[in-house]
Structures are given as C-alpha cells and as structure tokens.
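Protein chains: 2
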Amino acid sequence: MKTINVAIIGVGVVGSSVIEILQQNRDIIQARTGAFIIPKIGIARNIHNKNVNIPLSTNIDDALNDPEIDIIVELMGGVELPYKIALKALANKKGFVTANKAMLAYHRHELELKGSESSIGFEASVCGGIPIIKALRDGLCANHILSIRGIMNGTSNYILTQMSNNNTDFATALKQAQNLGYAEADPTLDINGSDSAHKLLILASLAYGIHAKMEDIIVEGIEDISLEDIRFACEHDYSVKLLGIAKKQENALELRVHLCMIPKDSMLAKTDGAMNAISVIGDKVGESVYYGAGAGGSETASSVVSDIIEIVRSKTAPMLGYVADFQHSLEQNMVLLPKDKIISRYYVRLQVDDKPGVLAHIAEVLATHNISIQSLIQRKPKDLDTHSALLLLATHTCAEVQIKKALESLENLKEVSKKPYMIRIESL
Amino acid sequence: MKTINVAIIGVGVVGSSVIEILQQNRDIIQARTGAFIIPKIGIARNIHNKNVNIPLSTNIDDALNDPEIDIIVELMGGVELPYKIALKALANKKGFVTANKAMLAYHRHELELKGSESSIGFEASVCGGIPIIKALRDGLCANHILSIRGIMNGTSNYILTQMSNNNTDFATALKQAQNLGYAEADPTLDINGSDSAHKLLILASLAYGIHAKMEDIIVEGIEDISLEDIRFACEHDYSVKLLGIAKKQENALELRVHLCMIPKDSMLAKTDGAMNAISVIGDKVGESVYYGAGAGGSETASSVVSDIIEIVRSKTAPMLGYVADFQHSLEQNMVLLPKDKIISRYYVRLQVDDKPGVLAHIAEVLATHNISIQSLIQRKPKDLDTHSALLLLATHTCAEVQIKKALESLENLKEVSKKPYMIRIESL
Numbered sequence: 112m113k114t115i116n117v118a119i120i121g122v123g124v125v126g127s128s129v130i131e132i133l134q135q136n137r138d139i140i141q142a143r144t145g146a147f148i149i150p151k152i153g154i155a156r157n158i159h160n161k162n163v164n165i166p167l168s169t170n171i172d173d174a175l176n177d178p179e180i181d182i183i184v185e186l187m188g189g190v191e192l193p194y195k196i197a198l199k200a201l202a203n204k205k206g207f208v209t210a211n212k213a214m215l216a217y218h219r220h221e222l223e224l225k226g227s228e229s230s231i232g233f234e235a236s237v238c239g240g241i242p243i244i245k246a247l248r249d250g251l252c253a254n255h256i257l258s259i260r261g262i263m264n265g266t267s268n269y270i271l272t273q274m275s276n277n278n279t280d281f282a283t284a285l286k287q288a289q290n291l292g293y294a295e296a297d298p299t300l301d302i303n304g305s306d307s308a309h310k311l312l313i314l315a316s317l318a319y320g321i322h323a324k325m326e327d328i329i330v331e332g333i334e335d336i337s338l339e340d341i342r343f344a345c346e347h348d349y350s351v352k353l354l355g356i357a358k359k360q361e362n363a364l365e366l367r368v369h370l371c372m373i374p375k376d377s378m379l380a381k382t383d384g385a386m387n388a389i390s391v392i393g394d395k396v397g398e399s400v401y402y403g404a405g406a407g408g409s410e411t412a413s414s415v416v417s418d419i420i421e422i423v424r425s426k427t428a429p430m431l432g433y434v435a436d437f438q439h440s441l442e443q444n445m446v447l448l449p450k451d452k453i454i455s456r457y458y459v460r461l462q463v464d465d466k467p468g469v470l471a472h473i474a475e476v477l478a479t480h481n482i483s484i485q486s487l488i489q490r491k492p493k494d495l496d497t498h499s500a501l502l503l504l505a506t507h508t509c510a511e512v513q514i515k516k517a518l519e520s521l522e523n524l525k526e527v528s529k530k531p532y533m534i535r536i537e538s539l
Numbered sequence: 112m113k114t115i116n117v118a119i120i121g122v123g124v125v126g127s128s129v130i131e132i133l134q135q136n137r138d139i140i141q142a143r144t145g146a147f148i149i150p151k152i153g154i155a156r157n158i159h160n161k162n163v164n165i166p167l168s169t170n171i172d173d174a175l176n177d178p179e180i181d182i183i184v185e186l187m188g189g190v191e192l193p194y195k196i197a198l199k200a201l202a203n204k205k206g207f208v209t210a211n212k213a214m215l216a217y218h219r220h221e222l223e224l225k226g227s228e229s230s231i232g233f234e235a236s237v238c239g240g241i242p243i244i245k246a247l248r249d250g251l252c253a254n255h256i257l258s259i260r261g262i263m264n265g266t267s268n269y270i271l272t273q274m275s276n277n278n279t280d281f282a283t284a285l286k287q288a289q290n291l292g293y294a295e296a297d298p299t300l301d302i303n304g305s306d307s308a309h310k311l312l313i314l315a316s317l318a319y320g321i322h323a324k325m326e327d328i329i330v331e332g333i334e335d336i337s338l339e340d341i342r343f344a345c346e347h348d349y350s351v352k353l354l355g356i357a358k359k360q361e362n363a364l365e366l367r368v369h370l371c372m373i374p375k376d377s378m379l380a381k382t383d384g385a386m387n388a389i390s391v392i393g394d395k396v397g398e399s400v401y402y403g404a405g406a407g408g409s410e411t412a413s414s415v416v417s418d419i420i421e422i423v424r425s426k427t428a429p430m431l432g433y434v435a436d437f438q439h440s441l442e443q444n445m446v447l448l449p450k451d452k453i454i455s456r457y458y459v460r461l462q463v464d465d466k467p468g469v470l471a472h473i474a475e476v477l478a479t480h481n482i483s484i485q486s487l488i489q490r491k492p493k494d495l496d497t498h499s500a501l502l503l504l505a506t507h508t509c510a511e512v513q514i515k516k517a518l519e520s521l522e523n524l525k526e527v528s529k530k531p532y533m534i535r536i537e538s539l
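As you go down the protein sequences, you meet chains B and V in turn. With our numbering, letter number 140 in the first sequence gets 251, and the count goes up by one each step, no holes. With our numbering, letter number 55 in the second sequence gets 166, and the count goes up by one each step, no holes.
Check each hint, because a few of them may be wrong.
The list makes no distinction among identical chains, and a pair is therefore deemed to hold if it is satisfied within one copy or across any two copies.
[What the hints assert, rightly or not] Below, a list of computed lysine-lysine pairs in the PhoX-like style, where the Cα atoms sit at most 25 Å apart:
id	residue 1	residue 2
1	Lys450	Lys515
2	Lys358	Lys452
3	Lys359	Lys525
4	Lys151	Lys195
5	Lys358	Lys515
6	Lys359	Lys452
7	Lys515	Lys525
8	Lys493	Lys286
9	Lys199	Lys525
10	Lys516	Lys450
11	Lys324	Lys515
12	Lys375	Lys359
13	Lys516	Lys358
14	Lys450	Lys199
15	Lys358	Lys450
16	Lys359	Lys450
If you're looking for bench data, these hints aren't it; they were derived computationally from the structure. A quick note: this is a predicted structure, and the numbers were derived from the prediction, not measured.
In isolation and in its complexed conformation, chain B is listed as follows (with noise of 0.2 Å):
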C-alpha cells in the first residue's frame, strides 16, 4: 500500500483536528483509499504546547522543500502568505488543500489556472463541515443555478437567534457567543458580513464562473439590528438571518451579504444557533438544502481530510467508495444487527372492547414482557362500533423482541379485537 505524507501549515484548533482524524481514523481512510495518509510534519509560529504527536517545525520550507511531501494543506489564514504557499506547493507538484476562505475570496481564479487537476481542495473554505463546494461543483453540476442562498456563518447565525428564542440583546448574545468559542477575540468579520461574503464569492466562482470581488457586492453586518426589529419580523411571522446571496436574472448576477426577514416555515428559518444552512435552486434539479456545521474544529477537519483524501483517489475513486481488495478494515467486517436486538420506544394502538378490567389485563401483557406504559390515551372514534374503544400507548423503551412477544400475546387476548399496530419512536 502507497504512503502519503502531508504537512499541516498551522496547528490550531482545525490543525490539531486534521492530524486527530487523519490518526483515529486511519482504518476507513485506509479503506477509502488504498494508502496509508501520515500526517508527517507540522509547521506553526510557536511550536509549543502544542497537543499533537507529530514532529513541529517554526520553517515552512520544512514543508514545501521536502520531496517527500506529498500534500500541504494550509491552515494558517491571512492572505497573501498562504497565496505564496500555495504557489510554491503547485510548483513543486504538490497537492494543496486550504480552508482559507479570505485567501480565496481573492486569489481562487490565479489559483485555478495554476493548479493540474484534482491537486486542489477547499471543501473547508465554505461552511466548515458541509461539503457544499462538492455538491455545486459535482452534483448539481447538470444544471443552471438560479440562485444560492445561505445562512453562512455560525456566530452571527448564533447570535441572531439568541436574539430572536431568547429576548437576548445583541451584546449579550456576542458575548455568549464568545464565550462558547463560536466568535473569535475580534468578531469583526463575522459581524460585518465579511467571512459570509468571502464564502458567498467562492460559491458563486463554482456556480457561476464569475470572478467576482469583495467591493463589487454588497456586504452588511448586524452590528445595528435590535431586538425591535426581531420584533417586528416575528409578528409578521418572519425570522431575521443574514444570507449570502448568488441570483441570477437573465445574464446578471445578483451577489449581496446583508440581514433578511425571510418566511418562518422555511428552511432556512429552521436553521438554529450556529448551524449552517444553503438553498440551491438548479433550473432542472429545484431546490435542495444543505444543513451542518458551519464551524468547529473537528467539522472543518473533516471536509480538510475529504480534500485529502479526493487528491489521494484522485480519480481511482471505486463505485461505492471502496478500494476493492481492502476486506480487513474495521467497517468491512461490520455485522448487521439482528432486528430483535433493536431498541427503541414504541407506540402502540390497540382496539380493544369497551368495559372495564381490559386496561388492567392489557397493563399486566406488557408487565410481563418487562415492558413500562410511559403515557396512555383511551378513545372512542365515531366510525368505531359502539362496544369497542382505541387504546392508544407509548412504551418506555424496551428491545424489539419483547415488544412482539408483547404484541403477539395482546393479539390472542379475548378483548383485543383487531391486530395490534405500532410505529416505532426515534428521539433522533
């Protein structure tokens, strides 16, 4: 099995998790793969104190000058620096792989023309954990999109719903969302739209082919919103978000970063706290919604190790995912789980006659089979006959064998009159 070494540039909190996961997960990536994926060198300013078990290094050119290196993956910020590197990275026939969503917002179309194919990835610049960058470039690539529209930044998304749940005023929620590590020291670029717009200008690079800049669009923030506002919109059954928007009309694009009042039963109403959220509409597919993590050290990680593991494939990607002759892995050796050993709560409906001491034999079944009443309703339908009656239940929960040994025994009792029905209930 092939070896590919990766150096991680920057080793923070997304760092240190690209290195965790490329360590804990070794066994499916190996599957996914067919290599073995050694996370061999880091490079930080201060190489102290750092919670990692790999050799750290202050140079970068420990990184990029190393023949053995086969992957960078920059995760330092800052612009025009990590631009250089990834330079360097291409030049020496690297891959690279980024989560930097500034660097981008300015150099993605240089990049593009520099980069051979499949060496670059940047599924993480864009609402961390979502692999929203795969499914415009690759699965919905059939289609003209009409228009993106994203909730595309966690700390603001999280404060305008304290905001909106809670009666917090916008102070008070920043600082709770400081204090819950979602907003940086200096929220600037949360609040002010910024990080939004960066994303929102690589989407529309992807969806559009435009190359689009930060001063050509309109970016506000919700530094000024107040809870009057929110208000207002909650009583014209809207919700206050700030969305990312790419709309196409006719051969003009719209692309705008700014507050909106949108309708309360839409998707991305129902997108809470500091989840994510985008709607693409494609002129054949319509509207699909994309929902996860926006930010967060080990989400982020995750879409960084799927760019990783995309170079690595390159195209040799089988049909369901795995390398073929890889039959050893944890997950290829996985079990099903027999259906009686499933747990679960159940719901049970039981049409039963209609005279006292049927609920003390039906209560006594289900004791039997170690099974507890967790609530229960009794009704009597119209269209029921009139010596019969419904007894509706929820159990607490118990496996699926003894609730249809249960079933079976309640089916052959004299005053249960008609097959028990029951549905399942998942706490998700």
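Based on the hints, put chain V in the right spot on chain B.
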C-alpha cells in the same frame, strides 16, 4: 473539443429529461467538461409517441455494441436484465450510469468489482435530485458514519403529510398522490417500504461497506396507519415519518425501514410533501442534513447527468469546476448586476419625534421616491427617551437605489432623530 456519445436505455419520464438536459444545458455542460456530450440513441420498447428528437431503436444491442457509444444510461427498471446490460457495458469499456435502485439493491457489490475506476454512476438511484451518494462517498469520507436517517420515499411522505396537515384519510391521500403523479398506478413498493429499503441498502454500502440484503432487514410500510395514530403523535409533539435508518452500535449495524414518530422540531419532521431529506451523523463532522426533491423526471435526470459529467471529466475537473480554456460559455460571460438595480421589499426602523404630523411627513418622503408602505407599527420602548417613538414599517417592492435615496432623505428630516435602519425582506 472531444465528443462523447451517450445511449439512453429506457425513454420514459426520466430518460426524456436526460435527453432534454443534455440538449438544453449544453452550454454549461460544455463549460464544465470541455466536451460535447451528445444523446446519440434512445432504446425503448415502444418507439412511437416519444417526445424526444434523437434516433430511437427497440434493440438494446444498437447501444451496447456500437463502438461509438461511450456511456450507457440505464433507466428501464427491473433487476436482472439491467444488471446484464451493466455487465455488458462495462465489458465493452463503456461508462455505465443508472437510476435503478432495485437492481443495485441486489447487485451493487458485484458491479463494484467489475467496474473500473470512475466508470459507474448511480447518484440518481437514491433520492432523485439530492446528491447524497457523492456526499457519502466524497464529502463525508473522513468520518466513521454513526447514523443515516432519512425520508427516502416521496409518495409515502406526501401521504403522511396530507394525513397530518389536512386530516385526510389514507385512501384519499393515496389517490391524491396518484393524481399528482407522485405514486405509480401500482404504488406497492412506495407504500410497503421496499423502495426506501432499496435506497437504504445502497447508502449502507457507501457508509459501511456492508453487504446487506433485503431479507435481513426490517422493512415495514405505511399501509395500516390511521388518523388516530397521527393525532396521538401530534398531541405528543411528534411527526410521523417513514424513515430508512442505519445506525452503528459498536461493530454491529442496525438497518431498518419503518414508520417513526420523531420530534416535531427536527429537520426531518419539517420535510413535508413529496420532498426527501437525509440526516447523516459522522464521528467528526456531527450532523448534516440533505434536503431536496426525491423523485420527478428532471430532478432525477439532473443526477443522471451529473454522473455522465463525472465520467467525462474523469481526471480533468479543474478546481472551480470549469475547464480553464472554455471562456466563452454563457455563464462565463455573466456580469454582476449593479447593486442599485437589486429589487426587494424592505423593513425600515425609524426613530422619530413623538408628535403629530411626523408620520405624514415620512409617508410623503417615501411617496416622493415611489415607495409604498405595506404595513406600519408605532412603538414606544421603555429604553427610549420620552419625546421619541419608533416607526417600524415594511414596504412593497422597490429598487435598491430607491430605498437608499429615500433613507437619505428620511435621515435629513429634522423629525428623524437617528440614522434609519433597514433590513431586506426575501420571499424565498
């Protein structure tokens, strides 16, 4: 530019849409592949009354044995014959694209072993227009998948939605689904859970590499649900959905399709009508949800064509998804709409002196700018000084340039004591 010839076997609703997309979206497909992709022949049992403008034949060998055909698209349905077609296509070194979930439920692993790199596409086989295959195979490939839970059948979801939202009984809702074209004349596979189970098996192969069979898993349908069950669920803050579930427990995997009561405020519970949605939880990325059209001709065809494009691109997909030397497509020439020309509705918050005549003044300013007010509320929040009030209003549609000028004029009014604040209203 190279030419790729495609044969479509099965020219029904989806097949016709595939031909239509390849023809209508030729420009964007060329931009994204650098190739002319031509639907060269359609194979149908009955070649009369087909509304497509390509040559048709009743003989499958006209597609399989033509050395000029590069890709076979199988949309005929069934299990064994399409499997034989797949084998022959691969043996003849052609790409193979299918939307056939039943065939894949039985033969996917044999096909994987036969297929060479990137030669088989089946995005359309699971949840039509939602790119969930690519999400699992590529986007989430760094993760151990902990669970997949999804609404994978539009017909049954439509019926459940009608029962829940409109108190329609099962038989009537089924008839409505058939009238709307969601359900087949024989809706058995949709209603009894088999269709969802086919899809679940395919997803489980991608996520876990497990070779599970229909007969090993729980497959239950929605046939016996009553309005009483729905009512019970509703009263307990649940929605009732038919879910396909894959859930990892240590080294064992639960696979099951059945009705579930799920919390009303979950993303899946909010997926109504014929729409599909799939929630995936990865060990590193957490939850992501994919929502979109699960069926429909052009929606499914969108995924078929995305697979064709993927095979054609093979290794040549550039970073942003456009072939770099293709600068003359429609979309490459797209221009950015000037900010001022954007049309929207607007919410405006004005802090004004609390005295008579102010509203008249403001309405007059808006009228001067041809902006009409749709609704208006006056408020006196406690934290405002006693001489002031807030006017909150929503406008009808106008251009960005109008509202901007109006806000400038309003800011200059002596009765307006603070810079006006505006939020756009998006209808979505």
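Evaluated hints:
1. Lys450 - Lys515: within (11 Å within a copy, 63 Å between copies)
2. Lys358 - Lys452: between (50 Å within a copy, 13 Å between copies)
3. Lys359 - Lys525: Neither. Shortest intra-copy (66 Å) and inter-copy (40 Å) distances fail the 25 Å Cα cut-off.
4. Lys151 - Lys195: within (21 Å within a copy, 46 Å between copies)
5. Lys358 - Lys515: between (53 Å within a copy, 20 Å between copies)
6. Lys359 - Lys452: between (52 Å within a copy, 13 Å between copies)
7. Lys515 - Lys525: within (18 Å within a copy, 76 Å between copies)
8. Lys493 - Lys286: Between copies only: 23 Å across chains, 56 Å inside a chain, cut-off 25 Å.
9. Lys199 - Lys525: neither (81 Å within a copy, 59 Å between copies)
10. Lys516 - Lys450: within (13 Å within a copy, 67 Å between copies)
11. Lys324 - Lys515: So Lys324 and Lys515 pass the 25 Å test across copies only (22 Å; inside, 62 Å).
12. Lys375 - Lys359: For Lys375 and Lys359, only the intra-copy Cα distance (24 Å) is at most 25 Å; the inter-copy one is 34 Å.
13. Lys516 - Lys358: Cα proximity of Lys516 and Lys358: across copies only (23 Å, versus 57 Å in one copy).
14. Lys450 - Lys199: neither (55 Å within a copy, 37 Å between copies)
15. Lys358 - Lys450: Cα proximity of Lys358 and Lys450: across copies only (12 Å, versus 48 Å in one copy).
16. Lys359 - Lys450: Answer is between: at 13 Å across copies they meet the 25 Å cutoff, but 50 Å inside does not.
The earlier numbered hints that this structure contradicts are 3, 9, 14.
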